[in-house]
Amino acid sequence: MLQPFVLEEPTSIHEAVALRARYGATAGLYAGGTELLLTMKEGLLRYERLVNIKLIPELAGLALEDGALHIGAITTHRRLERSPVVRTYFSTMAEMAAHVANVRVREVGTLGGNLCFAEPHADPGTLLLVYDASVALAQQGGTRMLALEQFFVGPFEVALADDEILTAIRVPALPAHTAAAYLKYGLLERPSVGVAVAVTARPDQVQEVRIAVGCVGPTPRRLRDVESLLSQKDLPEVRATLDAAGALAGSAADAVTDLHGSAEYKSYLVGVLLRRAFERAYQQAIGGDTGDAARGSGTA
Amino acid sequence: MTDDRAHHGTVTGQVLSIRVTVNGHVHDVLIEPYLTLIELIRDRLGLTGTKKSCDMQVCGACTVLLNGRPVSACTMLAFEARNAALLTIEGMAQGETLHPIQEAFIEHGGLQCGFCTPGMILAAKALLEETPAPTEEEVKHYMRGNLCRCTGYKRIIESIMVAARRLAQTHNPGALEA
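Taken in sequence, the protein lines are chains V and X. Letter by letter, the first sequence follows residues 1 to 300 in our numbering. Letter by letter, the second sequence follows residues 1001 to 1178 in our numbering.
Simulated from the structure, these hints should not be mistaken for lab results. Note that the structure is a prediction, hence the values are computed from the model and not measured. Misleading hints may appear alongside valid ones.
What the hints assert, rightly or not - What follows is a list of derived Cβ distance ranges for each label pair:
hint, chain 1, residue 1, chain 2, residue 2, range
1, V, Glu119, X, Glu1090, 48 to 56 angstroms
2, X, Phe1115, V, Ala60, 50 to 58 angstroms
3, X, Thr1135, V, Ala247, 34 to 42 angstroms
4, X, Gly1024, V, Arg46, 53 to 61 angstroms
5, X, Cys1150, V, Glu264, 30 to 38 angstroms
6, X, Gly1152, V, Glu189, 15 to 23 angstroms
Unchecked claim - Straight-line alpha carbon distances no greater than 27 angstroms define the calculated BS3-like cross-link-like pairs of lysine-lysine that follow:
hint, chain 1, residue 1, chain 2, residue 2
7, V, Lys54, V, Lys41
8, V, Lys54, X, Lys1052
9, X, Lys1052, X, Lys1154
10, X, Lys1140, X, Lys1154
11, X, Lys1140, X, Lys1052
12, V, Lys41, X, Lys1154
Glycine included, every Cβ here is placed at the ideal spot set by N, Cα and C.
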């Protein structure tokens, strides 16, 4: 049973930010509801108002613009999973989206909602970090762009002001000779560990490695110290360093013990998944002419 | 669409008037904005075939189709059904004639206690609308959010594979059964 609230239904960004300015933290943003309603049913969050932003056409776009994927905030996981543009040019993202929770959550849950809710045990944020994604945040005065890395502040906490809304996510295409991979593991509905890697490589020569780890600690994060261990090296050297890099990644991920596993267990898995994700992305980077690893596996 | 009917007795005074087509029948209902879809379906419309179990969008027992898309009625606001076509298990059969998916579940033992079955049938319908000839792997992937504690899933998957072949024949009677 949900506690009563008043529903507001703006039909433009202009109206939505005006409502945010007027009601601040007493109004919750409703973009998908899959996480929000669970929390509200438990009585852990209570709002006087919900602002339904699903009726705002400006938030629904999904398109390639200047070499980047523009994803409107209310784009569902399911749409990312099935979109021909995403499947062709950002196939690792389509593959990741196809494995978020279950199909009902994917039909309703949105990327903007997922990122703003910042539940630590989530997939999209981790992968988007290795794409160097950024978010567009609108308020009455205008819109600012913020790197996703700066957007994540803590568990359930992001750098979204009470008078702002997230309108879009910008995902730059990977550079040439680069592929991304995302691997996760978990025994419950939500993952215990998620590791994303993007590798820029020529055969036997690794130029750049980007690494992000999620679910294990308070927020998804880039591990730049580990990245520099593996970048600008020939392949045998990288492979010889992977175990040490995995161990460093495990400790740098700031793992916490919770229902999804002990900190020690999660740190160990970070290393395992990092090695596997590196190999997968490397093979795709040197083999394919597209910028993305992991071809989509669904139909249609 | 907002209307302040005090006699309706909501705390906030806000009442929404929505039109929803439920199993082919048009309903005009007055609802509170915080009413969940499963409360609308079970408590207001009296359609108790939709089951509430985990209440957290994990088990799939409350799966219904909104404009053909599978959703968890437990964790969705009822107003989202505004101007939509809602399909519950009560809408699957045509009079006394069961839907081919229902027939297949019965013939192939795709249920035991039956509590998860309405959700299973509706999720299977959404799958087969989208992917009429799925592989077994595709069935497993699509159905992984619908939990059954009785059957062990083998017979559910078989039932869906059989239903897919029958539906393909219905749509294309000349085709041979695989």
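Item to check | Structure versus earlier hints - violations, ascending order | outcome: 1, 2, 4 and 12
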